[in-house]
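J.: Protein sequence lines correspond, in order, to chains D and E.
Quick note: the first sequence uses my numbering, first residue 4, plus one each step.
Quick note: the second sequence uses my numbering, first residue 682, plus one each step.
Derived from the structure by calculation, the hints contain no laboratory data.
Note that this is a predicted model, so its numbers are computed, not measured.
Where hints are given, some of them may not hold.
[Said to hold, decoys possible] The calculated DMTMM-like cross-link candidates involving lysine to aspartate or glutamate, where the alpha carbons are at most 25 Å apart (straight line), are:
1) K31(D) / E748(E)
2) K31(D) / E114(D)
3) K757(E) / D133(D)
4) K104(D) / E761(E)
5) K757(E) / D43(D)
6) K154(D) / E712(E)
7) K719(E) / D43(D)
8) K39(D) / E712(E)
9) K31(D) / E822(E)
10) K757(E) / D821(E)
11) K39(D) / E732(E)
12) K39(D) / D736(E)
13) K31(D) / E712(E)
14) K104(D) / E93(D)
15) K102(D) / E712(E)
16) K102(D) / D166(D)
17) K154(D) / D736(E)
[Stated by the list, open to error] Label-pair restraints from in silico Cβ distances:
18) A19(D) / A739(E): 40 to 46 Å
19) L775(E) / T5(D): 37 to 43 Å
20) A826(E) / V16(D): 45 to 51 Å
21) A755(E) / P40(D): 42 to 48 Å
22) D28(D) / F685(E): 29 to 35 Å
23) E114(D) / F792(E): 27 to 33 Å
24) R129(D) / L775(E): 17 to 23 Å
25) L775(E) / Q45(D): 28 to 34 Å
C-beta: ideal position from N, C-alpha, C; glycine also.
Take a look at the letters that make up each chain.
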Amino acid sequence: MTRYVIPLGIFVVLVAFLAIGLGRDPRKVPSPLIDKPAPDFQLTQLHDPSRTFSAAEMRGKVWLLNVWASWCISCREEHPLFLKLARSGEVPVYGLNYKDKREEALRWLQEFRDPYILSVADTEGRVGIDYGVYAVPETFLIDREGFIRFKHIGPVTAGVINDKILPLVRELNR
Amino acid sequence: MKRFGLAVILVYAASFGVLAQEARPMADDPELEKRLMKLSQELRCLVCQNETLADSQAGLAVDLRREIREQMKAGKSDQEIIAFLTQRYGEFVLYRPPLKPATYLLWFGPFVLLLVGLAVLYKYVKQRREMISDQPLSADERRRAQELLRSKPGKEVT
């Protein structure tokens with residue numbers, strides 16, 4: 004009896020592990036930045052390069068930082084969701100324009116419309132490195148104390164906004 | 682004809698020059714560049730995850746190499762640079778995961794499996810040996826075996 008049960012048991016365990024492994028996305032690397040202070044930056048604003056914006060200015064507010072670029076195709080996918088989110092006024096959305104050319108970024112915003120309160124230009128991608136960005140678009144939710152509470156890699160979906168981001172925003176605003 | 686063939690080969694070979702990229706400046710410091718290569722071979726590129734940071738031509742890998750180069754120039758140690766990267770990208774960037782409770786299974790798992798395999802093998806072999814020695818030949822069987830061994834090959838003994 005055991006000579007059949009043991010291999011069967013091993014087989015079942017192996018299949019279970021493989022099934023779990025298949026269901027996971029290896030591109031989604033858990034960020035070590037969750038629940039850590041959001042790295043500060045001081046970057047020029049995309050629309051007005053004479054002015055700068057720093058993450059420290061957002062102390063006391065819950066806000067979203069969306070990393071985007073005009074060359075990023077999947078950014079177009081999530082863009083309508085951010086337009087909707089901006090209209091709802093539930094949470095301010097700021098853009099980090101990652102490794103982009105200013106003219107192209109501005110043209111992109113004109114074409115697809117601009118959901119961001121403002122965007123900053125990270126032309127060299129250095130702030131991106133500080134935030135551990137490796138797959139644009141990425142979205143960070145930052146709380147009043149300036150801690151990163153949530154990070155989404157890749158385009159957000161309506162599900163992510165409604166089930167994860169918005170409940171967390173409400174909780175953090177309480 | 683021979684000459685023509687040679688000419689074709691030469692033109693073909695020369696055309697590879699078009700594909701080749703201009704040699705990138707090896708920075709001003711080949712020593713530092715060597716150190717950079719050595720360190721970045723230990724690090725994973727996050728964009729093409731099965732490539733090292735040294736091999737990858739992804740934009741992020743180029744940026745990270747620039748970052749590492751600058752930190753090396755600023756006198757940072759390899760340890761400090763690795764800490765800088767793991768703070769941002771997690772231990773996933775390390776091809777050689779650190780030894781800590783969460784990675785014990787990863788590091789020791791194969792050896793545990795090997796030991797289990799050896800134990801099973803030992804038990805199996807021992808069991809078989811007992812099975813064999815449990816049934817010694819009877820006197821009658823022994824005599825028959827002796828006869829069989831003594832008989833000339835090719836002839837049946839009945």
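J.: The structure should be examined with respect to each hint, and the outcome stated for every one.
T.: For each hint, the structure was consulted:
no.	hint	verdict
1	K31(D) / E748(E)	holds (23 Å)
2	K31(D) / E114(D)	violated (30 Å)
3	K757(E) / D133(D)	holds (17 Å)
4	K104(D) / E761(E)	violated (32 Å)
5	K757(E) / D43(D)	holds (21 Å)
6	K154(D) / E712(E)	violated (39 Å)
7	K719(E) / D43(D)	violated (31 Å)
8	K39(D) / E712(E)	violated (36 Å)
9	K31(D) / E822(E)	violated (70 Å)
10	K757(E) / D821(E)	violated (85 Å)
11	K39(D) / E732(E)	violated (28 Å)
12	K39(D) / D736(E)	violated (31 Å)
13	K31(D) / E712(E)	violated (35 Å)
14	K104(D) / E93(D)	violated (30 Å)
15	K102(D) / E712(E)	violated (30 Å)
16	K102(D) / D166(D)	violated (30 Å)
17	K154(D) / D736(E)	violated (28 Å)
18	A19(D) / A739(E): 40 to 46 Å	violated (34 Å)
19	L775(E) / T5(D): 37 to 43 Å	holds (41 Å)
20	A826(E) / V16(D): 45 to 51 Å	holds (48 Å)
21	A755(E) / P40(D): 42 to 48 Å	violated (23 Å)
22	D28(D) / F685(E): 29 to 35 Å	violated (56 Å)
23	E114(D) / F792(E): 27 to 33 Å	violated (58 Å)
24	R129(D) / L775(E): 17 to 23 Å	holds (22 Å)
25	L775(E) / Q45(D): 28 to 34 Å	holds (30 Å)
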